[in-house]
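Q: What follows is each chain in one-letter form.
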Amino acid sequence: MADDGVNTKVEAVSKATTETIELRTEDGGVFDVDKPVAMEFLILKSFYEDEGRVFDKTSIRLPNVKQLELSKVIEYCTRALEFGAKSAAAAGDKDAERMVRQEREGFEAEFVDELSNEMLKELILAVNFLDIKEMLDFLIRSVANRIRNRSVAYVRQFFDIENDFTPQEEDQIHQENAWAFEGVDAD
Amino acid sequence: MEEEKKLELEEAPIFHGDVLEAVLSRVPLIDLVPACQVSKPWESAVVSSLRHLNPIKPWLIVHTQTTRHPYATTTHAYDPRSDLWVEIEQPPIKHVSVLRSSHSTLLYMQSPFKFAFSFDPLHLMWHLADAPIAWRTDPIVALVGQHIVVAGGGCDFGDDPIPMETYDLRTGTWETCESMPSILKDSAASTSLSIAVDEQRMYVTEKTSGMTHSFDPSTKTWHGPYNLRPGTNVFSPVIGFVHGRMVVVGLIGDAENVKGVKLWEVSKGTETVELREVGEMPKELVEKLKGKSPRLPYIAMTSMGNLAYLHNPSEPGELILCEVTDGSKCKWGSVRNVVVNEVNRMQTLALTCSNVGLGDLQAALSSGDRRFIHC
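Going line by line, the protein sequences match chains G and D.
Numbered according to my numbering, the first sequence spans residues 1 to 187.
Numbered according to my numbering, the second sequence spans residues 188 to 562.
Isolated chain G (complex conformation):
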């Protein structure tokens, strides 16, 4: 074929080991991230694809992300891609689908259990910045679960929020909602 030269070159590239991208965090961490995982970060995807940049061996610095968070993000996204592939492979087989689902739920429960409130908040901010939809959704659900059935004081402390209601406004609210201050999970 006339295109022989091009074809063999393409083939050679795809047979090579997965491309990686080097990411640097603001606190000095350096990570070699597999390209499929890195492309889950829409901020990176649009940086390369939308703007037609070529993948090369240069490093990208992520100004808003620390190494602890990035390692957690990479862990979650790598597993999420694996589950996606397993799910696709199990399509049509109800039992297999259920097994993948349960495995995923088990991983997610363990993943979020190990996160302190502080870490959970930092992760949300990082994932929001990196624009990773699936992980953001998961973290948002996890935060919502942590503030269910909690007192107003707990929520304020969790998010580090200042109460900007005046004492009179608060009194009025307190009278109207006696329950919100009692009968909730202990702080």
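Selected chain D positions facing chain G (in silico; Cβ < 8 angstroms): (1) V206; (2) A209; (3) V210; (4) R213; (5) V214; (6) P215; (7) D218; (8) P221; (9) A222; (10) Q224; (11) V225; (12) S226; (13) K227; (14) H561.
Simulated from the structure, these hints should not be mistaken for laboratory data.
Note that the Cβ used here is the ideal one computed from N, Cα and C, for glycine as well.
Following the hints, position chain D against chain G.
A: Positioned in the frame of chain G, the structure of chain D alone reads:
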């Protein structure tokens, strides 16, 4: 030396705006009450999240009442917005007689001496009136605008037709009015009639024939009949209002062999009514509706806003939901009735459906004697 690429710096990360609203969209309505008190920005975020991300949906409220003294009551509510059951701990409903429900939000108890009723979304307020002039068993009871309507039902004393009565909420008095269509006279409302209500009228469908009459309490006149039976292979039609329109839900086949359940929209012309099939219940949900019994003689419906809740009164363990959205599209689902278990056979079940908002929850909590407990 490797060139370092740097991504554009976003604005300083704070927990607000889109992310906060997304978190709040996952928080159950009952927990949004304290969320509103965290700070003023949170109060706006709650309102915005409810408006744009995950709006309020009508609650199904399941009331039980034991059939023996002290006639203890329980109240559980299902919030479809968060797929969550809550138990409402509150002072017991003072016993007048058997607790019953009619159309969506009306709860009532009628004894020979007293008539008690409640129609606010969380049933915080009970109204106590004298009983209607005539005593009857299992009558049609409905709330239309400012009037309670009581009609039909059975009576042990002779064959004379019992007059219909209406109670005016504003004056607190009962009035009798024109007799009702004979087809409805001896029917037991709870099993053979289906009742729906809009702002002006009460609609009553006789389940065997599908013949429907409507009553306007402000003019005290009956209208109809309209035939709301979608076909001869359809039985036990029940009516309600969903997405602003009257709908009919009917069983296909017969009680021993139900082949399916469908939903039709009713459009009323000047002389006739037209029924348009809009949805069919998925087979696995029909099986859930049947429960353990192979027979399904009739179903009941309660509805509000865009949601209809269907159940089998003989096997109320599963509740089937149908959400009708724009373009008359049906979205079906089911939820296990948290109240039903083996222990609770000796109790009456009454179901209501209401638009519960943050204000209603705040009002419920302000009394101090109510708690909402996640189930």
